[in-house]
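Visitor: As given, the protein sequences belong to chains B and W, one line each in that order. When the letters of the first sequence are read in order and numbered with my numbering, they come out as residues 718 to 835. When the letters of the second sequence are read in order and numbered with my numbering, they come out as residues 37 to 149.
None of these hints come from the bench; they were simulated from the model. Remember, it's a predicted structure, so these values are computed and weren't measured experimentally. The beta carbon of each residue, even a glycine, is placed where N, CA and C say it ideally should be. Just so you know, not all the hints are guaranteed correct.
Once the Cα atoms are required to be at most 30 Å apart in a straight line, the calculated DSS-like pairs of lysine-lysine come out as [what the hints assert, rightly or not]:
id : chain 1 : residue 1 : chain 2 : residue 2
1  : B       : 781       : W       : 136
2  : B       : 737       : B       : 758
3  : W       : 37        : W       : 136
4  : W       : 37        : B       : 781
5  : B       : 783       : B       : 758
6  : B       : 731       : B       : 781
7  : B       : 758       : W       : 37
8  : B       : 783       : B       : 772
9  : W       : 136       : B       : 772
10 : B       : 737       : B       : 781
11 : W       : 107       : W       : 53
12 : W       : 136       : W       : 93
13 : B       : 783       : W       : 107
14 : B       : 758       : W       : 53
15 : W       : 136       : B       : 758
16 : B       : 783       : B       : 737
17 : B       : 731       : W       : 93
18 : W       : 136       : B       : 737
19 : B       : 758       : W       : 93
20 : B       : 783       : B       : 731
21 : W       : 93        : W       : 53
22 : W       : 107       : W       : 136
23 : B       : 737       : B       : 772
24 : B       : 731       : B       : 758
25 : B       : 772       : W       : 37
26 : W       : 93        : W       : 107
27 : W       : 136       : W       : 53
28 : B       : 731       : B       : 772
29 : B       : 783       : W       : 53
30 : W       : 37        : W       : 107
31 : B       : 758       : B       : 781
Covered stretches of chain B (in silico footprint by chain W; criterion: 3 or more residues with CB under 8 Å from a CB of chain W, positions within the stretch not fixed) [claimed, not checked]:
id : stretch
32 : 754–760
33 : 826–833
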Amino acid sequence: GAVVSQHPSRVICKSGTSVKIECRSLDFQATTMFWYRQFPKQSLMLMATSNEGSKATYEQGVEKDKFLINHASLTLSTLTVTSAHPEDSSFYICSALGLAGGPTDTQYFGPGTRLTVL
Amino acid sequence: KNQVEQSPQSLIILEGKNCTLQCNYTVSPFSNLRWYKQDTGRGPVSLTIMTFSENTKSNGRYTATLDADTKQSSLHITASQLSDSASYICVVSRMDSSYKLIFGSGTRLLVRP
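Chain B extracted, bound-state conformation (with noise of 0.2 Å):
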């Protein structure tokens, strides 16, 4: 159980384009989700944490105008990337949170989606 799935898993886009990156879990209701980034040989930064119904909180310095978050059901979010350009290629991760009730409570991780930007 505990399944998480993202896509598009590869995406290659034209400089200022939009693209949209889905976050399912599949088996399970995540009323919190959390989206990153993870540029080679590095570890993954958060960009934002994404609450069902509400706002996303977006992490210092990442800009909430270009990282569209939208959290509409519980077992969905996307992340839209607007005008995209060069510097936005990257591996992106999204996680799920299951909630056990305790100090296990557990973030479930996506598979990732590469985008590249032309």
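Since the structure of chain B is already known, use the hints to place chain W on it.
Guide: Just chain W now, kept in the frame of chain B:
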């Protein structure tokens, strides 16, 4: 400052050998510590999770230890296989309502035949 530091940064071992990865953290208040395996181009997969009261946890050939007093953890891999080649990330959670994770920079392990 809440930080997680891992060593070594990278490691090459021969198939069948054992290895130990290290993690030191300065996270407070501490909730739990996890080790994740991340294959290239994939999302992290949880190997072990330990809370404050646990000092060892095994998952097959992976054994994690936690010393909450010294704030150190290790991940021991026994009888390594080629498929163990990956990045291993130590991740610590704070005991707060944000559920945010504090990531180490990872150890890149390469297992050679």
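Visitor: Taking 30 Å as the top limit, are the C-alpha atoms of residue 758 (chain B) and residue 781 (chain B) close enough?
Guide: 25 Å, holds
Visitor: Regarding the pair residue 783 (chain B) and residue 737 (chain B), is the alpha-carbon distance no greater than 30 Å?
Guide: Judged against 30 Å, a Cα distance of about 12 Å means the pair holds.
Visitor: Checking one constraint from the list: CA of residue 758 (chain B) to CA of residue 53 (chain W), max 30 Å. Satisfied?
Guide: 24 Å, holds
Visitor: Please verify whether residue 136 (chain W) and residue 758 (chain B) have alpha carbons no more than 30 Å apart.
Guide: 21 Å, holds
Visitor: For the pair supplied as a hint, residue 93 (chain W) and residue 53 (chain W), confirm whether the alpha-carbon distance does not exceed 30 Å.
Guide: It holds: about 20 Å lies between the C-alpha atoms, which stays within 30 Å.
Visitor: Keeping to a limit of 30 Å between CA atoms, is the pair of residue 758 (chain B) and residue 37 (chain W) held or broken?
Guide: The hint holds at about 23 Å.
Visitor: Check the hint pairing residue 37 (chain W) with residue 107 (chain W) against an upper bound of 30 Å on the C-alpha distance.
Guide: 14 Å, holds
Visitor: Tell me if the straight-line CA distance from residue 783 (chain B) to residue 758 (chain B) falls inside 30 Å.
Guide: 24 Å, holds
Visitor: Does the structure keep residue 783 (chain B) and residue 772 (chain B) at a Cα separation of 30 Å or less?
Guide: Distance ~15 Å between residue 783 (chain B) and residue 772 (chain B) Cα, so the pair holds.
Visitor: Mind checking the alpha carbons of residue 37 (chain W) and residue 136 (chain W) for me, to see if they're no more than 30 Å apart?
Guide: Cα-Cα ~15 Å, so holds.
Visitor: Hey, residue 783 (chain B) versus residue 731 (chain B), does the alpha-carbon distance stay inside 30 Å?
Guide: The given pair, whose Cα atoms are some 16 Å apart, holds under the 30 Å limit.
Visitor: So if I understand the rule, the pair passes when the alpha-carbon distance is 30 Å or less; does residue 107 (chain W) with residue 53 (chain W) pass?
Guide: Distance of about 27 Å is within 30 Å: holds.
Violation of the numbered hints given earlier is confined to hints 13, 17, 27, 29; the remaining hints are satisfied by the structure.
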